[in-house]
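Student: Sequence:
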Amino acid sequence: MVSIDLIPQLTKAKITELNETAVKVSIKGRLGVITVPLRWIITEKALAVGQEVEFYFSYMKAGL
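Basically our numbering = 1-based index in the sequence shown + 143.
Source of the hints: derived by calculation from the structure; they are not laboratory data. None of these values were measured; they are calculated from a predicted model. In this text, a Cβ means the ideal position worked out from N, Cα and C, and glycines have one as well. Treat the hints loosely; a few may be bogus.
Stated by the list, open to error - Below 30 Å or equal to it, Euclidean Cα-Cα: the simulated DSBU-like pairs (lysine-lysine) are: (1) Lys204 to Lys155; (2) Lys188 to Lys155; (3) Lys171 to Lys188; (4) Lys167 to Lys204; (5) Lys167 to Lys188.
To be verified - Using C-beta positions, here's what the derived DEER-type ranges look like: (6) Gly193 to Val145: 13 to 23 Å; (7) Met203 to Ser169: 14 to 24 Å; (8) Val145 to Leu181: 31 to 41 Å; (9) Arg182 to Ala205: 19 to 29 Å; (10) Ser146 to Ala189: 18 to 28 Å; (11) Gly206 to Glu163: 13 to 23 Å; (12) Ser146 to Ala191: 15 to 25 Å; (13) Leu149 to Thr186: 24 to 34 Å.
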């Protein structure tokens, strides 16, 4: 089994879609798109399409 250190990296993205329940962001560096529930967003600012955001990104580990 390969041992990989799971070290989250601060990643930048831009909001592409926003609705009552979720936010869709495009990850910088052409890494793809991710959609997350609004309850996962930690901010005191109002969200808007085009706004830049940051989040921690890591590998997924299976077989726990």
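Student: For Gly193 and Val145, compare the CB-CB distance with the range 13 to 23 Å and indicate the outcome.
Tutor: violated, 39 Å
Student: Return holds or violated for the Cβ distance of Arg182 and Ala205 against the range 19 to 29 Å.
Tutor: Between Arg182 and Ala205, where Cβ atoms are some 25 Å apart, the hint holds.
Student: Measuring from beta carbon to beta carbon, are Leu149 and Thr186 in 24 to 34 Å?
Tutor: Holds, since Leu149 and Thr186 (Cβ atoms, about 25 Å apart) stay within the stated range.
Student: Would the pair Lys204 and Lys155 pass a check requiring their Cα atoms to be no farther apart than 30 Å?
Tutor: With Cα atoms ~22 Å apart, Lys204 and Lys155 stay inside 30 Å; holds.
Student: Holds or violated: 13 to 23 Å for the Cβ distance of Gly206 and Glu163?
Tutor: The hinted range 13 to 23 Å is violated for Gly206 and Glu163, with Cβ atoms some 36 Å apart.
Student: Within 18 to 28 Å or not, the Cβ separation of Ser146 and Ala189?
Tutor: violated, 43 Å
Student: Quick one, are Lys171 and Lys188 close enough, alpha carbons at most 30 Å?
Tutor: Roughly 21 Å between the alpha carbons, so the hint for Lys171 and Lys188 holds.
Student: A range of 15 to 25 Å was offered for this pair. Does it hold for the Cβ distance of Ser146 and Ala191?
Tutor: Violated, at about 42 Å.
Student: Against the 30 Å threshold, does the CA-CA distance of Lys167 and Lys188 hold or violate the hint?
Tutor: holds, 17 Å
Student: For the pair supplied as a hint, Lys167 and Lys204, is the alpha-carbon distance within the 30 Å limit?
Tutor: This hinted pair holds, its Cα atoms lying about 23 Å apart.
Student: For the hint 14 to 24 Å, verify it against the beta carbon of Met203 and that of Ser169.
Tutor: For Ser169 against Met203, whose Cβ atoms are near 20 Å apart, the range 14 to 24 Å holds.
Student: Is the Cα-Cα distance between Lys188 and Lys155 30 Å or less?
Tutor: holds, 17 Å
Comparing the model with each numbered hint stated earlier shows that hints 6, 10, 11 and 12 do not hold.
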